Amino acid sequence: MKPAQQKKFDKKQFQANVKKHLTATYATTEENASTRQWYLAMGQALAEFTTLDLLQTETDKKITDAKSVNYLSLEFLIGRLTGNNLISMGLYENVTDAMAELGFNLTDLLEEERDPSLGNGGLGRLAACFMDSCAAQEFPTVGYGLHYEYGLFKQSFKEGAQQEAPDAWRGIEGYPWELVRPEIAQEIGFYGHVEVVMENGEEKRRWVPGMTVKAMPWDLPIVGYESNTVYPLRLWECQAIAPFSLESFNNGDYFEAQHSLIDAGNITKVLYPNDNHEKGKTLRLMQQYFHSAASIRDILRRHEAAGHALVDLPKYETVQLNDTHPTIAIPELMRILVDEKGFGWDKAWSISTKTFAYTNHTLLPEALETWSESLIQRLLPRHMEIIYRINHEFLMEVRAKWPGDVEKQRKLSIIQEGFHRMVRMANLCVVGSYAVNGVAALHSSLVKKDLFPEFDELYPTRLHNVTNGVTPRRWLKFCNPGLSALITEKIGDQWPAHLEQLSDISGFADDKAFQKQYMAVKKENKQRLATWVKENMDIELDTNAIFDVQIKRLHEYKRQHLNMLHILSLYHRLLNEPDFDMAPRVVFFAAKAAPGYHLAKEIIYAINKIAEKINNDARIGNKLKVVFMPDYRVSLAEIIIPASDVSEQISTAGKEASGTGNMKMALNGALTIGTMDGANVEIREEVGDENIYIFGLDVDGVNDIRARGYNPFDYYNSDHLLKASMDLLLGEEFTPGEPGKLRATFDSLLDGGDPYLCLADFASYVKAHEEMGEQYKDQSGWAKKAILNTALVGKFSSDRSIRDYVNNIWKLEPVHR
Numbered sequence: 001m002k003p004a005q006q007k008k009f010d011k012k013q014f015q016a017n018v019k020k021h022l023t024a025t026y027a028t029t030e031e032n033a034s035t036r037q038w039y040l041a042m043g044q045a046l047a048e049f050t051t052l053d054l055l056q057t058e059t060d061k062k063i064t065d066a067k068s069v070n071y072l073s074l075e076f077l078i079g080r081l082t083g084n085n086l087i088s089m090g091l092y093e094n095v096t097d098a099m100a101e102l103g104f105n106l107t108d109l110l111e112e113e114r115d116p117s118l119g120n121g122g123l124g125r126l127a128a129c130f131m132d133s134c135a136a137q138e139f140p141t142v143g144y145g146l147h148y149e150y151g152l153f154k155q156s157f158k159e160g161a162q163q164e165a166p167d168a169w170r171g172i173e174g175y176p177w178e179l180v181r182p183e184i185a186q187e188i189g190f191y192g193h194v195e196v197v198m199e200n201g202e203e204k205r206r207w208v209p210g211m212t213v214k215a216m217p218w219d220l221p222i223v224g225y226e227s228n229t230v231y232p233l234r235l236w237e238c239q240a241i242a243p244f245s246l247e248s249f250n251n252g253d254y255f256e257a258q259h260s261l262i263d264a265g266n267i268t269k270v271l272y273p274n275d276n277h278e279k280g281k282t283l284r285l286m287q288q289y290f291h292s293a294a295s296i297r298d299i300l301r302r303h304e305a306a307g308h309a310l311v312d313l314p315k316y317e318t319v320q321l322n323d324t325h326p327t328i329a330i331p332e333l334m335r336i337l338v339d340e341k342g343f344g345w346d347k348a349w350s351i352s353t354k355t356f357a358y359t360n361h362t363l364l365p366e367a368l369e370t371w372s373e374s375l376i377q378r379l380l381p382r383h384m385e386i387i388y389r390i391n392h393e394f395l396m397e398v399r400a401k402w403p404g405d406v407e408k409q410r411k412l413s414i415i416q417e418g419f420h421r422m423v424r425m426a427n428l429c430v431v432g433s434y435a436v437n438g439v440a441a442l443h444s445s446l447v448k449k450d451l452f453p454e455f456d457e458l459y460p461t462r463l464h465n466v467t468n469g470v471t472p473r474r475w476l477k478f479c480n481p482g483l484s485a486l487i488t489e490k491i492g493d494q495w496p497a498h499l500e501q502l503s504d505i506s507g508f509a510d511d512k513a514f515q516k517q518y519m520a521v522k523k524e525n526k527q528r529l530a531t532w533v534k535e536n537m538d539i540e541l542d543t544n545a546i547f548d549v550q551i552k553r554l555h556e557y558k559r560q561h562l563n564m565l566h567i568l569s570l571y572h573r574l575l576n577e578p579d580f581d582m583a584p585r586v587v588f589f590a591a592k593a594a595p596g597y598h599l600a601k602e603i604i605y606a607i608n609k610i611a612e613k614i615n616n617d618a619r620i621g622n623k624l625k626v627v628f629m630p631d632y633r634v635s636l637a638e639i640i641i642p643a644s645d646v647s648e649q650i651s652t653a654g655k656e657a658s659g660t661g662n663m664k665m666a667l668n669g670a671l672t673i674g675t676m677d678g679a680n681v682e683i684r685e686e687v688g689d690e691n692i693y694i695f696g697l698d699v700d701g702v703n704d705i706r707a708r709g710y711n712p713f714d715y716y717n718s719d720h721l722l723k724a725s726m727d728l729l730l731g732e733e734f735t736p737g738e739p740g741k742l743r744a745t746f747d748s749l750l751d752g753g754d755p756y757l758c759l760a761d762f763a764s765y766v767k768a769h770e771e772m773g774e775q776y777k778d779q780s781g782w783a784k785k786a787i788l789n790t791a792l793v794g795k796f797s798s799d800r801s802i803r804d805y806v807n808n809i810w811k812l813e814p815v816h817r
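Residues in the sequence shown are numbered from 1 upward in steps of one, following UniProt numbering.
To be clear, the hints were calculated from the coordinates, so they are not data collected in a lab. Any given hint might turn out to be false.
Unchecked claim - Here are the simulated lysine to aspartate or glutamate pairs, DMTMM-like style, with alpha carbons at most 20 Å apart:
| id | residue 1 | residue 2 |
| --- | --- | --- |
| 1 | K448 | D60 |
| 2 | K411 | E366 |
| 3 | K315 | E366 |
| 4 | K315 | D60 |
What you are looking at is a predicted structure, and each value in this text was computed from that prediction instead of being measured.
Work the whole structure out from these sequences, hints included.
Listed below in structure tokens is the structure:
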């Protein structure tokens, strides 16, 4: 179905609307307006289409009578909305033409949009892809997140070191696509005490909060591809209920007059406040509860407004918890059902456990959330009581299953004993949900085998797998128009909604003419990236070189420092081995390090200093360049991914839950060099061994080497190339006059024990790169492999992921409008 917007688009009316917003909304004239003001006015004119469809979708009886999924995530890294919405609305060409008549290039206008900074990385981007796919397939959905005033941070480099600045993504004018909804605001409490009252001879417990704030919802439109369906991404902003005390102000106490405003505003001020101190921890838990409580109240409001009984909540609503951040929603729903709605405990628990489902995203023990019992007790006293009750009832089940097994009780308990008792949020999620899923086949098997084996034995039907996916609308059709047009020319225009159709492209993999067309598109994309690098970083790049790309959060387990060691090995060989021949390459990095993550920041500093030397070393020529692009974000990924020849997916086996960058780059014709980790395993199954470069230890190999006792010095002392490469970090090769400035990484790999086995995988990694470099010299053979990567990864559409959720967990039906 083609969108109604396309049928009713009136170019003259649209242009008049844009001009109207210039004057009425942004108080400027056509003659004086900046490019940014033209973009904002255009965005407002376009948002009029989606706002109407959003409200109509929301009130459509077919929707309110159907079962919906409520996707709770503290992150939604949605990227710029304008271009993607234009594609979904079928208006891209119309608006290009309309704005051209007004004297503007649409591409230039789209560059004025700052990415909504509502997430850190993969978790938030996955949530955005899932929202897109729910809307595209018209499965009733509401996304719930937070309306952060400042995103993660704007990253820049000063003499190679990461600098962080606030990211006020909305600007002073606001964001044209957002719509404030004061009529559905909620009140949320914190602190206070629990009082006991008698009702009909029965003891009831009631929470009396000591602080109350307002949750103000802002809706962003998630536009269904070629349909009239628009679902809300509902983002809660925290506001004070009584923001200003006139009495205090008149008495001269200006700070006290605004005290409640300041306290409330802090809750949604910044994405993931630094929580390495007590106040930071309190604020983060406040964020999580504020998000969960506002969302649960809104779900119940919608449910009851549709005329449904609360006992039927699981029939009409499912709540997907994206990671453990919204876990507190479980005791919150129980509190409302028991304390406010009068349900008995058992009935309330039956309703609640049929409503929640949980996605696990990590196997890293340090990433499994725990909260101090005393902090929850202070901030949410009634919720702590409810968690105790849930745990008590659950441990009775454990004792019935394993009588006398105290160790099982200790391991499975929601409360972790110790000097400071902690609440294990992942355990609470498993106990309080009807379904738990991992995000790749390998990850889900490790969740069952290593992370939650006892839970799997206790609840054998509860743990599932749903392999992640990416939306083909943004990650091929929008970001790679050249390749999209080439694919459409060969197989028709239905593939953006049916990505499995890409398999038909495999029939052209040996076609020399198609190979040339395909590689010509890749060359254009590489030139676009090279132009960006030249304009923004003043580095000249050769687009005939291999564009070798690693883009993801900076973390030791993702092993950007292994990539760095390989760069050092190439540098050493180019300078010391006269016969060494390699295909020219440019190694790209883009990554942010968490502000408190010292070693991650040291790795960024080291890569930047190495890049500075190599890029200006006349002895190297154009054989090797290193580019660390600052302020990685979705809109930067949209330039990098279509230009990638090589996709670096090199995490230690068993550490990456899935990855989605691996899917995006393969879809756009990059060859993966990777470990048997996360979704790499499934990508290999789809594209075949000959079209991917797998290296290093697998999960069993990692476990075996650790069981035997891993000593990184053994590898350092026995591999000449590895030792020579690492030793470059000790002197002043890259930091003239300051020897040892880069030794933090060196020390972490040796004295620090190399926890992620970089040295164990180094030789295998170098060998895989050598094979890949040789293959690149045969451009026809390379083109065939790249074409097959695009053709054979149709499985990794988020549309398929959502269908897996719908069929196996959520049990929804599409509602077509």
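Each hint tested on the structure:
1. For the given pair, K448 sits about 41 Å from D60 by alpha-carbon distance, which is inconsistent with the 20 Å threshold.
2. With a C-alpha separation of about 16 Å, the suggested pair K411 and E366 falls inside the 20 Å cut-off, and the hint holds.
3. The straight-line distance between the Cα atoms of K315 and E366 is roughly 36 Å, outside the 20 Å bound, and the hint therefore fails.
4. The suggested pairing of K315 with D60 holds, with an alpha-carbon distance near 18 Å, which does not exceed 20 Å.
Violated hints, in rising order: 1 and 3; the structure is consistent with all others.
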